[in-house]
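Visitor: Model the full structure from these sequences, guided by the hints.
Numbering (this note's numbering), first residue to last: 14 to 251.
Only true hints are included.
Derived lysine-lysine pairs resembling DSS-like cross-links, with alpha carbons at most 30 Å apart:
1. 193 to 150
2. 84 to 247
3. 109 to 197
4. 154 to 193
5. 122 to 154
Cβ pair distances, simulated, as ranges:
6. 90 to 111: 39 to 47 Å
7. 196 to 140: 18 to 26 Å
8. 95 to 148: 15 to 23 Å
9. 249 to 115: 38 to 46 Å
Everything labelled a hint here was simulated from the structure, so no lab data went into it. All of these numbers come straight from a predicted model, not from anything done at the bench. All C-beta atoms, glycine included, are put in the ideal place defined by N, C-alpha and C.
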Amino acid sequence: MNKLTLKFLSSAACAAALVLVGCATSSDSGSNGASKGPGSGFRATDGRNIDIGRSSTANGGRNFRNPHMEKCWVAEGFNFNGYDTIYIAPTESTAKFQNDEARPHQIAKDRLPVELASYFKLTGVFPNVVTRESDIKPGAKVLRLSNTITEYSKGGGAARYFAGLYGAGQPVLRVVGSTKDSGKEVFTYEMRCSGVSAGARMTGAFRADEDIQIEDIRSLALDLSDFVAAIAGKYQAR
Numbered sequence: 014m015n016k017l018t019l020k021f022l023s024s025a026a027c028a029a030a031l032v033l034v035g036c037a038t039s040s041d042s043g044s045n046g047a048s049k050g051p052g053s054g055f056r057a058t059d060g061r062n063i064d065i066g067r068s069s070t071a072n073g074g075r076n077f078r079n080p081h082m083e084k085c086w087v088a089e090g091f092n093f094n095g096y097d098t099i100y101i102a103p104t105e106s107t108a109k110f111q112n113d114e115a116r117p118h119q120i121a122k123d124r125l126p127v128e129l130a131s132y133f134k135l136t137g138v139f140p141n142v143v144t145r146e147s148d149i150k151p152g153a154k155v156l157r158l159s160n161t162i163t164e165y166s167k168g169g170g171a172a173r174y175f176a177g178l179y180g181a182g183q184p185v186l187r188v189v190g191s192t193k194d195s196g197k198e199v200f201t202y203e204m205r206c207s208g209v210s211a212g213a214r215m216t217g218a219f220r221a222d223e224d225i226q227i228e229d230i231r232s233l234a235l236d237l238s239d240f241v242a243a244i245a246g247k248y249q250a251r
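Guide: Right, here's the structure in full:
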């Protein structure tokens, strides 16, 4: 390892404590845009403390200022319970990207339903979690979850080498999601992830774009499943 690399790693390590990364809202208010209030804090089944954000009445439901979502709305009285199945539809995309980003963009489209299904299964909210419509059992009461990628960049190691700690060169993934019950929208969100892990920020120059992107997708899936589990009453309020 040369002197320049060592200098970069040393500088990154010193600054790491000052950097907060993850799927987060871009709002300037509160901590990462969240205003914690009564009823917004929960303890996950694995012991993690999570905050789903303070909510306010809007458009026949509630808007949540969730620290991991740029937008989050839940229909009035809806709590994700009472369904046999959640169907996670194939990911759509309206994002513009370069020719050399076609393959990693397709990987992101394919990987998102897989990771969401994996994390939703862990919550225990839904008896059945499927990613193929043919796997829905006849007569089942179903929620349909659809996602569209609206912003995408695979990132680049060269930019991460010089300023990856501050976000340069990190992959970018913005997803707009909608959950419907028999065609009626009951949950919507918008999330953006870009280099969520300490490894992506500190040593991202020496890692593949796809590997960092998969970490981002897993972070998005975890944040989304945490919110669903909290609203469904699977997590203990604190």
